[in-house]
Amino acid sequence: MSTQTVSPHAGDKRSVLSRALGGSAGRSLGLIIALLALFVIGTITAGDRFASFDNILTIIRFASIIGVISIGMTFVITAGGIDLSVGSVLGLASVVATLSWVQQFATSTNWIVMVIVAIAVGGLAGLINGIVIAYGNVVAFIATLAMLVAARGLAEVLANRTTQIVIEPGFLSAMRGELIGVPILVWIFVVVVAAGWFILNRTTFGRRTVAIGGNLEAARLAGIKVKRHLMYVYILSGLTAGIAAVMMLARTTAGTSTHGTLYELDAIAAVVVGGTLLIGGRGTIMGTVLGVMIFSTLTNVFTQNNLSTSVQNIAKGVIIVAAVMLQQRFANRSKK
Amino acid sequence: MRGLTKSFSGTRALAGVDLTVVPGEVHCVLGQNGAGKSTLIKTLSGINQPDEGEILWQGETVAISDPVTAIRIGIATMYQELDVVDGLSVAENIFLGHEHDRAGVTDRRRTAREAAEIMARLGHPQIGPGREVGTLSAANKQIVSMGRALSHDAKLIIMDEPSAVLDSEEVKNLFRVVRELTKAGIAVIYISHRLEEIREIGDRITVIKDGRTMATNLPVAETPTKELIELMTGRTVDNVFPPRVPVADDAPVLLSVEGLALSGVFEGVDFQVRAGEIVGLAGLVGSGRSEIVETVYGARKASAGRVLVEGRPLTPGSVRAGVHAGMGLSPEERKSQGLILDEPVYRNVTLASFTRWARGGVLNERAERQEARAQLEALELRPADPDRPARTLSGGNQQKILLARWLVHGTRILLLDEPTRGVDVGARAEIYSLIRALAAQGTAIVVISSEIEEVLGLSDRVLVVADGRIIHESAASAIEEHDVLDLVMKGSAA
Numbered sequence: 001m002s003t004q005t006v007s008p009h010a011g012d013k014r015s016v017l018s019r020a021l022g023g024s025a026g027r028s029l030g031l032i033i034a035l036l037a038l039f040v041i042g043t044i045t046a047g048d049r050f051a052s053f054d055n056i057l058t059i060i061r062f063a064s065i066i067g068v069i070s071i072g073m074t075f076v077i078t079a080g081g082i083d084l085s086v087g088s089v090l091g092l093a094s095v096v097a098t099l100s101w102v103q104q105f106a107t108s109t110n111w112i113v114m115v116i117v118a119i120a121v122g123g124l125a126g127l128i129n130g131i132v133i134a135y136g137n138v139v140a141f142i143a144t145l146a147m148l149v150a151a152r153g154l155a156e157v158l159a160n161r162t163t164q165i166v167i168e169p170g171f172l173s174a175m176r177g178e179l180i181g182v183p184i185l186v187w188i189f190v191v192v193v194a195a196g197w198f199i200l201n202r203t204t205f206g207r208r209t210v211a212i213g214g215n216l217e218a219a220r221l222a223g224i225k226v227k228r229h230l231m232y233v234y235i236l237s238g239l240t241a242g243i244a245a246v247m248m249l250a251r252t253t254a255g256t257s258t259h260g261t262l263y264e265l266d267a268i269a270a271v272v273v274g275g276t277l278l279i280g281g282r283g284t285i286m287g288t289v290l291g292v293m294i295f296s297t298l299t300n301v302f303t304q305n306n307l308s309t310s311v312q313n314i315a316k317g318v319i320i321v322a323a324v325m326l327q328q329r330f331a332n333r334s335k336k
Numbered sequence: 001m002r003g004l005t006k007s008f009s010g011t012r013a014l015a016g017v018d019l020t021v022v023p024g025e026v027h028c029v030l031g032q033n034g035a036g037k038s039t040l041i042k043t044l045s046g047i048n049q050p051d052e053g054e055i056l057w058q059g060e061t062v063a064i065s066d067p068v069t070a071i072r073i074g075i076a077t078m079y080q081e082l083d084v085v086d087g088l089s090v091a092e093n094i095f096l097g098h099e100h101d102r103a104g105v106t107d108r109r110r111t112a113r114e115a116a117e118i119m120a121r122l123g124h125p126q127i128g129p130g131r132e133v134g135t136l137s138a139a140n141k142q143i144v145s146m147g148r149a150l151s152h153d154a155k156l157i158i159m160d161e162p163s164a165v166l167d168s169e170e171v172k173n174l175f176r177v178v179r180e181l182t183k184a185g186i187a188v189i190y191i192s193h194r195l196e197e198i199r200e201i202g203d204r205i206t207v208i209k210d211g212r213t214m215a216t217n218l219p220v221a222e223t224p225t226k227e228l229i230e231l232m233t234g235r236t237v238d239n240v241f242p243p244r245v246p247v248a249d250d251a252p253v254l255l256s257v258e259g260l261a262l263s264g265v266f267e268g269v270d271f272q273v274r275a276g277e278i279v280g281l282a283g284l285v286g287s288g289r290s291e292i293v294e295t296v297y298g299a300r301k302a303s304a305g306r307v308l309v310e311g312r313p314l315t316p317g318s319v320r321a322g323v324h325a326g327m328g329l330s331p332e333e334r335k336s337q338g339l340i341l342d343e344p345v346y347r348n349v350t351l352a353s354f355t356r357w358a359r360g361g362v363l364n365e366r367a368e369r370q371e372a373r374a375q376l377e378a379l380e381l382r383p384a385d386p387d388r389p390a391r392t393l394s395g396g397n398q399q400k401i402l403l404a405r406w407l408v409h410g411t412r413i414l415l416l417d418e419p420t421r422g423v424d425v426g427a428r429a430e431i432y433s434l435i436r437a438l439a440a441q442g443t444a445i446v447v448i449s450s451e452i453e454e455v456l457g458l459s460d461r462v463l464v465v466a467d468g469r470i471i472h473e474s475a476a477s478a479i480e481e482h483d484v485l486d487l488v489m490k491g492s493a494a
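So the protein lines, in turn, are chains A and B.
Position 157 of the first sequence, counted from 1, bears residue number 157 in the numbering used here, the numbering being contiguous throughout.
Position 464 of the second sequence, counted from 1, bears residue number 464 in the numbering used here, the numbering being contiguous throughout.
By construction, these hints were calculated from the structure, which means they are not laboratory data.
Yeah, the Cβ is synthetic: ideal placement off N, Cα and C, and Gly gets one too.
Among these hints, one or two may not hold up.
Footprint (simulated), chain A over chain B, 3 or more residues, beta carbon under 8 Å [stated by the list, open to error]:
no.: 1; segment: 319-325
no.: 2; segment: 353-366
30 Å max Cα-Cα, derived DSSO-like pairs, lysine-lysine [unchecked claim]:
no.: 3; chain 1: B; residue 1: LYS335; chain 2: B; residue 2: LYS42
no.: 4; chain 1: B; residue 1: LYS301; chain 2: A; residue 2: LYS227
no.: 5; chain 1: B; residue 1: LYS335; chain 2: A; residue 2: LYS225
Can you make the complete structure from the sequences, with help from the hints?
If you want it as structure tokens, here you go:
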């Protein structure tokens, strides 16, 4: 075993820079290099079409919906769980928020009603997941798989398998707008990331999440209300799925039960590639953002070069495996 | 069979170990945690390669390049963590890795027959070869593991702390099996830090410290305990247990337990603990002692009775209520129940109290770290670095983290389940004096230990638990170790 001698006050000295970056900056270095490499490849192969401000905004906008879901997923995975239902909860929320009576009610009051309804549907689905997992002692994988299937089914019933167009004008003009030259969708993503980072790294909620993921029994015996907190974590994940549904409505101007199909896999991939441990106990919001950005940039580079989505998927698969292998090497090293 | 000889010097964790084992003997290797015992075993079983030195096997130099080679030449190893597969049957476990098969199809009948023979040879014919290993007790799993060693036709079996998961009855059976093995000419290397076991089973002792042989081929019968401890720790240990401090007659009762029961596990448990008093619970594994403490704490929901802290009853089954009232538990399994191993030390210390410094849900890590550091300095944690992951600390220092957790929280009632398990002999004395010092400051303490000597030496008052009942209560100074053992045995037979 290599023993490094650390003076008792070393913690305070190194803290200034590294703690400002949440300690994850060092770990994220590999991801930043990968992202930069993709930018170089993009610039070489597609030139100015790729390396323009507009295109970079496109990449971020493309990343934003999966990105918001991935922030919720980061919490769930850090707590040692998994949420497979986020994609279909997104679909369900988009359908409920665009039901004709909801839209009529929104038109007669305020467009924000649609936003609230979508987020509430997400939160409610998360609450059900949380109760079933924390109090019903059902394994998260199974509970959220059941929610995946059920939410998609309910969305189909409610929408009658049709696509419900968003006709509420206030919603469209507000959500499809820009603020200082940057689309609202991107702003939402930025705000969710900032809030997620703060909650995970700076609050008691975040500390409980990490503690439960790191050692559930130790957290319980230290007096932390483990079940209640796990429920909160799944609610949080549901809420981000609801926010993502709002963003989806803004981007596509329609609600449908097929929205968000397979998003859970993209979100899990982004979280794991970002460096959050799948067994829980360590989570990084910055890593998740980088993970999402890597996949989004990859898609953009491939699209700019007119390569098929099939080739893209192969590249994605390779990246996931490579990243997880690197992560395991890191985990092994930290154990020694 | 010719004499097996092996001698080495030098791998990284081993800086010159010499060891000679002859057929039919139980050779004990004694050393503190980190002394290099595990590395030694791994070198013998082919997991590690020595940098220098050589291994002689039946008079010839051998290179044990991997575990398969070790098994082939006749060295089988039973690792500390049970290495059986729960989902497979006894027979499948015994022949794991060298299944009897015809063209890839397992020969179930032959496997079952030979497995049954091996289990009979080990004195456990009642464990059927078809039984799923997951349904067996820890002791019986160990027998299966030993069966695997036999199935390889091993001439040398290395046992790494085989008694760690066993209670004293099961240890007796283990010893019986070991004696049968040695009678058949098989050599056993027995690793342990329980001196009393080595006294019972061992023939000769080799003591290692810091990867070096301190003394070898010591006859078990004639070497005094004091000398062994001195060899292990490199210093003289005279008074392991700190002197008792008399509890004042008017000391308030902090914890009282009334008619507590957990159906099917224990019942009718009554006791009180006063400020400044250390109460020890003695009993076998499975007697209900850990469950009693966990129920008092609220980690299990009592089926009857109640727990009062300073006269106020607690909500049953709520850890939070217990913690809030001022109770703290240092659980039996430090690593799996107590610590978040990859989190820094200070966050482990503040796990029960980090909300205290938070404002509106926002953490104040600076205050947390300061508080944790102050407490850890008082407990002399080594290394004194609050940012190190808890995983990297030794057992004794990990135990200090748990003590620090409750001291920071301001706990007045400490429940300590096996506070010195996995803590080496030198650090134990330190933990004992810490516990005594806490009591002297007015903390009420309940201690559980499998080692009766520890319970008696540390406590003011002793409760003997057998079969889910408290069968005896007396001052610790008024009872001898063998009396407690008698009580425990009688109680569990009744």
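Verification of the hints:
no. : hint                 : verdict
1   : 319-325              : holds (count 5)
2   : 353-366              : holds (count 6)
3   : B/LYS335 to B/LYS42  : 23 Å, holds
4   : B/LYS301 to A/LYS227 : 16 Å, holds
5   : B/LYS335 to A/LYS225 : 20 Å, holds
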